[in-house]
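Visitor: Got chain U sorted already, so can you dock chain D onto it with the hints?
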Amino acid sequence: MKVIVVGAGKVGTQLVESLLNEKHDVTVIDNSQEVINNLNDNFDVLAIKGNGVSSSLLRDVECSAADLLIAVTDSDEANIVSCISAKKMGTKCVIARVRSPEYVNESEFMRKTLGINYIINPELSTAHHIMRLLFNEHVSYTEDFAKGRVRITEIQVSPTSNLLHKQIKDLNLPKAIIITAITRGGEVIIPNGFTTIDPLDTLYVMGERNSVDTFAQTVGSKIIRDRIKNVFITGGGRTALYLARELEHLGVNVKIAEQDYERCRLLAERLDNTLVLHGDGTDINLLKAEKVEEMDAFVALTGFDEENMLVALLAKQLGAGKVIAKISRSSYTSLLETIGIDNAVIPKLITARDILRIIRGGRIVSLSLLIGGRAEVLEVLPQPDSPIVNKQLKDLGIPEGLIIGAILRDGQVIIPKGDAIVKSTDRVIVFTLENHMDKVTKLFGVRGGQKGIL
Amino acid sequence: MNLLVVVKVLGMLLLCEAVAMLPSLVVALIYGENTVWAFMISVLITASLGLLFFKVKVKENVIRYKEGFAIVTFGWLLASLMGSLPFLFTGALPSVVDALFETISGFTTTGSTVIQDLEVLPKSLLFWRSVTHWLGGMGILVLALAIQPALGVGTFQILKAESPGPISSKLTPRVSGTAKILYRTYLVITVVHIILLAVGGMPIFDSIIHAFGSVSTGGFSLKNASLGAYNNVYFEIVILIFMILSGINFSLYYFAFKNKNLRDFFHDTELKVYLFIIALYTIIITININGHVYHSLAESIRYAAFQVGSVITTTGYVTANFDLWPDLSKALIVTLMFVGACAGSTSGSIKVIRIHLVFKYIQREINRLVHPRAVKAIKINNVAVQENILTNVVSFFMLYILIFSFAALVLLTQNLDLVSAVTASAAAIGNIGPGLGLVGPSSSYAALTNVAKLLLAFLMIVGRLELYTVLSLLFPQTWKA
Chain U
1 MKVIVVGAGK VGTQLVESLL NEKHDVTVID NSQEVINNLN DNFDVLAIKG NGVSSSLLRD
61 VECSAADLLI AVTDSDEANI VSCISAKKMG TKCVIARVRS PEYVNESEFM RKTLGINYII
121 NPELSTAHHI MRLLFNEHVS YTEDFAKGRV RITEIQVSPT SNLLHKQIKD LNLPKAIIIT
181 AITRGGEVII PNGFTTIDPL DTLYVMGERN SVDTFAQTVG SKIIRDRIKN VFITGGGRTA
241 LYLARELEHL GVNVKIAEQD YERCRLLAER LDNTLVLHGD GTDINLLKAE KVEEMDAFVA
301 LTGFDEENML VALLAKQLGA GKVIAKISRS SYTSLLETIG IDNAVIPKLI TARDILRIIR
361 GGRIVSLSLL IGGRAEVLEV LPQPDSPIVN KQLKDLGIPE GLIIGAILRD GQVIIPKGDA
421 IVKSTDRVIV FTLENHMDKV TKLFGVRGGQ KGIL
Chain D
1 MNLLVVVKVL GMLLLCEAVA MLPSLVVALI YGENTVWAFM ISVLITASLG LLFFKVKVKE
61 NVIRYKEGFA IVTFGWLLAS LMGSLPFLFT GALPSVVDAL FETISGFTTT GSTVIQDLEV
121 LPKSLLFWRS VTHWLGGMGI LVLALAIQPA LGVGTFQILK AESPGPISSK LTPRVSGTAK
181 ILYRTYLVIT VVHIILLAVG GMPIFDSIIH AFGSVSTGGF SLKNASLGAY NNVYFEIVIL
241 IFMILSGINF SLYYFAFKNK NLRDFFHDTE LKVYLFIIAL YTIIITININ GHVYHSLAES
301 IRYAAFQVGS VITTTGYVTA NFDLWPDLSK ALIVTLMFVG ACAGSTSGSI KVIRIHLVFK
361 YIQREINRLV HPRAVKAIKI NNVAVQENIL TNVVSFFMLY ILIFSFAALV LLTQNLDLVS
421 AVTASAAAIG NIGPGLGLVG PSSSYAALTN VAKLLLAFLM IVGRLELYTV LSLLFPQTWK
481 A
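Heads up: the protein sequence lines correspond to chains U and D, in order.
Using my numbering, read the first sequence as starting at 1 and increasing by one per residue.
Using my numbering, read the second sequence as starting at 1 and increasing by one per residue.
Since the hints were made in silico from the structure, they are not lab data.
Worth double-checking, as some hints may not be accurate.
Here are the simulated DSSO-like pairs of lysine-lysine, each with C-alpha atoms no more than 27 Å apart in a straight line [as the list claims (entries may be wrong)]:
1. D:K180 <-> U:K229
2. U:K49 <-> U:K10
3. U:K391 <-> U:K316
4. U:K291 <-> D:K55
5. U:K291 <-> U:K23
6. U:K316 <-> U:K291
7. D:K123 <-> D:K59
8. U:K439 <-> U:K147
9. D:K55 <-> D:K180
10. U:K147 <-> U:K316
11. U:K229 <-> D:K272
12. D:K260 <-> U:K112
Isolated chain D, as found in the complex:
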């Protein structure tokens, strides 16, 4: 493995992170908070380490598969480590494990928190938490690629390793061009979202925090009761729409914009399935909760739709405590945790496209029983999916279930009951946030043991980087020359 090039790219990453901390410093200055020093020191440490790394002399400026995986995995760990400094220095989270958990939960857009009372936290720290969401949503390394095009040959490996979905493709001839397009789209959606919230009467600071939380499909709020605290239908609709929009493949926006028409956009197989799942789940849950939990149909639809949208996009904002819903609805919410939104979006979990392909694969196997000699191609958007991608998707699905189950077993040794352990594991690997029981929508992860917290944080990174990126580094072959 070409470690020097890995170190150099990590240097660039840390420099980006240091710059990303500056707005929080500005927030601290604006509100006259005593966190100014904590942020200044954090920026200094991150920037100097970054500079040190970046100045490394690289012999061979080539990034291959292995280097791509290493850069992304170590990049995320290092960024999380540096990102936790403000929590430590301000004393908001004195425990290193807690600070790390919170930062990783932020960067991976999970949105689980160990902070029990958010409302007393300094605004600058709340802001930093949401910035980690925003950066992690589209990818910190994608940002580095957008800013610094000359990181080396083969930077596409980084983009592939960091962006979600089974098939990554460039939108432009150059990786940096693609990264810029992605971030530009992301920025436009975010700004529109902030404006719409502010227009509806949400304070500007709250609007920014919630926009960051929903477009990144993260879920950090600044209220203990999450979005439910506002009890405002307009906010809920705007946020629901933007969560769903952020769950759509970003390249679809680019092509719709470039070709100036929405035909291909609405003909996308994955998008159609995604919207269908949302509609179906909303209807079933509405029927299930109507009359039992809520008394009017409008109310039932309002809460069902928001919770479904929030969980499928892996955001994790809540407007209702679904832990109190009937068992069927709870179970449906849990199954949604394994779906996620579209590939190439900011969401986590397995992704609609993979679920769709797995179902098609099963269908084909059954069909093969009837016609043993049949040769059938599985198609997405009228293009046949290559067999190796199918194998990859099926094994991804199995691996995902395997890791999730194993982690749930380990959590059971950490004083968690079955429901809490299973949902905590699913919520962490899927980057969702709230689970059920002890980790339900109305509670935090603060009470968990350090082992449980570290395991969940690891799961978040494994899930965000789509399993293979991290797991490949655990195999010794990767490290051999």
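So that you can see chain U by itself, here it is in the shape it has in the complex:
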């Protein structure tokens, strides 16, 4: 398929990578020569320097024949105009990134009247994602699939755990769960029965929801049953604004610390019950004065990764319940697990995930990116005539990095073995490393002519 990406910033580049993994033809437009050179050096794409709003440039890249245009430049307005122009010139589907809070309630207008098929708001998505993390019983990353029946959760192995130095086959895992991946010192390992568990490993455990919870508890993961009532946010950017607004709606007490006075004013004007504090949110005196130790959750959302990580650690040390840090460089994620931050939120991955969900559309019901974008979990409805249907899994030549984690059939969660068979009426939860994504689409026949765009 032919895809045009306008703007190759953090999200743009991440997208290009994901799209190439799925064997799409990608054209990238960006107005910085440096970025273009960088793209040409690292990826097999057509990179063109220019203004993505210009109609002559759009004509030159043959946007009339393109299946998809994704506008992710820094400017909302440029993204909107670029999408409208491309749509008028014949691009099948257009996606614009629009992040200004003023446009939040206008996505309906943009879709219906301006003809932009999808609006992506990274900060809003990030806020939604944090909301999910906050209201999750698990302290660490957890996500549910198949309407909450299947759960995948991250388990940090503590140095005193009774799992240590055992091989997986000796662990007596409950039937309804499977360890899909282990990260060890930044490496992703797809385990088999003979893999041993080391200290500081992180396990990604998938399975039937209650079984996963029980297992997580027996190995010492904390589970919070009380509802979140007090949240402290450091850094008052857009994500903080969206997050505070949603928390306010649920009656949660929110405090935001922000250094810039004008920004504080703006937050105070836009929020109703949130306490906006003018001050350095990384200052221990401020944190103590505002009783961070009594907070159920602490969210670090400043613009600096290092600051977020450190203040999150500080809050954890002071005694805050759940600690979440926003990180823009996914290379830091492996570090976070070891230093003890409960959750890292990576906005560019969330955005890329949002866009991938749209692109794959159709029979892929939901999708998340794990381990800094190096792995995905998908919920797929297989095509009736696709290769996977009615064959034993062991005969399909499924590569090592691709795991059929769970099958949902008639409300039952099945953790499949090699002799299991997928039926066309099943929902399948797949765990895959990024380089096997095209294999997933082939196996399940979800590519081409379906309800999705591509």
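Guide: Structure of chain D alone, referenced to chain U:
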């Protein structure tokens, strides 16, 4: 200061006033009163002076802040001066001070009177008194703006200076359009009010006088005992409802009408607080007077509600002599004099929105003691109020109290007792009308000294034009180029 443009606008104003005197002339003709000549001469003088002013050649047709303040202040003084002519020429009020007091009390919708026996006054004069109310309620200059759109650039300054409330906004792109909308709304409410009173059996002339008095929140009646003379529950309910309606921001009516729904109307913060205050005061006063002054609960509610509605809207109609009520009720009535109704209405005093903001401001300061670093926005209708408006409101509040106290002190030198002096000052600056004691609901201002009368008349104008408009002219900087 661009004086020529000020003079020109004042000319337009006087022409409007001359036209406004004509209906009273017609009334005089209908009833065959000997006041016809007095009105004819008044119209002639006002119109010729107006024409003279209006014909002034203006070099630069621009109205800025200063000119806006000057036009409004001098406009009100001049209009009052001309408006007092009929009282002088008919001989109803031979003293210039009395005639001026009565006219200013009319235009500022205060409703205090120096006429001891209203019932012997010619109908045409009674009518003129009420016309001054009606014009002053929405603003005489707003009327001039509605009629003559091409008065100059920057006429919004006039609208801002004359219309009550901390925040003025246009309803339409043009000032004249906004002025027309305001007057149209005002006219509709007035006509409905007249009809409702007449349907209930009040004589048509009395209905007009009382409708003018209540929609302008003025309070002039044609009976010595004010509305109490009729002792009619229906009249009282209709007038109470219309006083309260006139105390609501007129732009709310416009938006409700334009958007064809009442959702925003009832979600307005100021309106909610206003109705809450009325309800709260009515309940407390009812409990306080029930059994002591009145013997049935229904009677207590009837009199409490009317007096509360009348004072908070700064109308000043009375159906009961609240001077005879228990001290708590009297004190509550006095505190109500400092509240007033909503901004953008025809009422006077401080206005609910300002009181509300002052309370929010205090609340924020207290909150700051607990969280010294907290940044908090004060919101009205979910929109943050700008800090400079807040400062303005707080200083308005202090200035209001300052002027009121100072005037009360001066009144004490004019043979008034403490209660009378304090309430006379509050009733004048708040454009209410009756106070307590010597200036209570059952007496008039006739017995006061000329100094006291002039001071009160000045207070009325200062209060009606919301302090800053008049006071800015007392500073020499305003007059420098």
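Visitor: Are there hints from earlier that the structure breaks, and if so, what are their numbers?
Guide: Checked against the structure, the hints that fail are numbers 1, 3, 4, 5, 7, 10 and 11, while the rest are satisfied.
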